[in-house]
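A.B. asks: Take the given structure of chain A and dock chain B to it, following the hints.
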Amino acid sequence: MDNLLLLVIGMGAVTYVPRMLPMVLLQNIQLPSFWKRFLSYIPYSAIVALIFPGILSSTSSTGSAVTGGIIAVILAYLKVNLILVVFGGILGALTWQLLF
Amino acid sequence: MKALIREAVTAKEDQTAFSAGIKAGIPIAVGYLPIAIAFGLLAQSAGVPNYITALMSLLIFAGASQFVGVNLLALGATTWEIVLTTFILNLRHFLMTASLSRRIKADTSKQWMALLAFGVTDETFTMASLRKEQQLDPGFIFGLNLLAFSAWNVGTWVGVFLGAGLPEMVQSSMGIALYAMFIGLLVPSVRESKTVLFISLLAVAVNSLLHWLPVFEGLSAGWAIIITTVAASAAGALFCKDGEV
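Chains as they are written, first to last, in our numbering: chain A, 1 to 100; chain B, 101 to 345.
None of these hints come from the bench; they were simulated from the model. A few of these clues could be false.
Said to hold, decoys possible - No more than 27 Å apart at the CA atoms, straight line, and that leaves these computed lysine-lysine pairs for DSSO-like: (1) A:Lys79 - B:Lys123; (2) A:Lys36 - B:Lys205; (3) B:Lys341 - A:Lys36; (4) A:Lys36 - B:Lys210; (5) B:Lys123 - B:Lys112; (6) B:Lys210 - B:Lys341; (7) B:Lys294 - A:Lys36; (8) B:Lys232 - B:Lys341; (9) A:Lys36 - B:Lys232; (10) A:Lys79 - B:Lys294; (11) A:Lys79 - B:Lys232; (12) B:Lys232 - B:Lys205; (13) B:Lys232 - B:Lys112.
Just chain A, with the same shape it has in the complex:
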C-alpha cells in the first residue's frame, strides 16, 4: 500500500482511539467523589495549559500576541459575545503589527 496512505491511517487511528475509549467506557460508571471532581476540573486546567504560554507565539511577534490576548481578556471579563472576543483579539494583534 501507498506509504503516505498508511501514514494517514496510522495517524487517524492513534488520534481516534484516545478520543473514543473514555467516551464509550466511562459514560455511566460510578466514580468516587475525588475522581468526579478531578474529571470536572479538567476543562479548566486543560484550557489554561492550551492558552499559556502557547499564545505568546501565535502571531508573528510576542508584542502583537500579548496585545491581542489582553484585549481578549478585557472583552471576556466584560462578558462580551464570544465572536466579538475573537475578533477583538485578532484586531488587537493586527493593530500592533500595523503600528510596529
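C.D. replies: Just chain B now, with coordinates in the frame of chain A:
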C-alpha cells in the same frame, strides 16, 4: 397517538439541540478556517500530494498533529516516528473525553458516543464542557462537531487550491483567533468561581515551569499539556472540596 406526540416532541428537541450546537460552533469555525488554510498551504509547499492533505483533514481532524505530521514528513521522518508523535500529542484527548463523557445524557448509545468522539478537539471539548447545563444533548455535540469539522475541511481545500489569498499580516494576526476564543470561554468562569481561579493560576504556573525551566527542555508541548492538566485538576480535587465548580 401519545407515542406519536412523544416522538414529535423528541424530534423537535433533537433539532433544537442540533441547531444550538451549530450556533455554538460558529466561533470555532471562524478560528479554524485560517488555520486550516495555513495547513493546506504548508502541505502544498512541502510537496504532500493533494489527496493526502485532504485525507488528513478528513480522517485525522487534529490541527496540531497534522501540522507536526507534515513538518516531520518534510524532515524525512519515518512513518513510525510520525505516528508515535501524533499519539503523544493527542493523548490529552484521553483526559478530555473522560471528562466530557460524564456530561453527555446517560441514555446516549455507545455508537453515538463513538461517533461523537471523532469530533472532540481542544476547541469543541472546551466549548461543550463550559456550557452551563450539566447534561449535554448528543445532538448539540453533533452539531458543534459537525460545523467545526466542515470548517476544517473546507479551509484545507481552500489552502490547497487557492493558495495565499490573504495578506501575510492578516494571516498571522488570525493565529490568535482560537486563543482569544479560549480566553472568552475561560474568563467568565474564573470571574464566578474561586476554585476555577485557583486551578487556572496553578495551571499557568505548572505549564510555565515545564516550558521555561531548563530541566524540562526536551519535553514536548503535548506532554506538558498532559502533565499540567493532571496536576492542576488533581490539586483542585484535593484542596477544593466544595463539589461542583
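A.B. asks: Of the hints given before, which are not true for this structure?
C.D. replies: Structure breaks hint 6 only.
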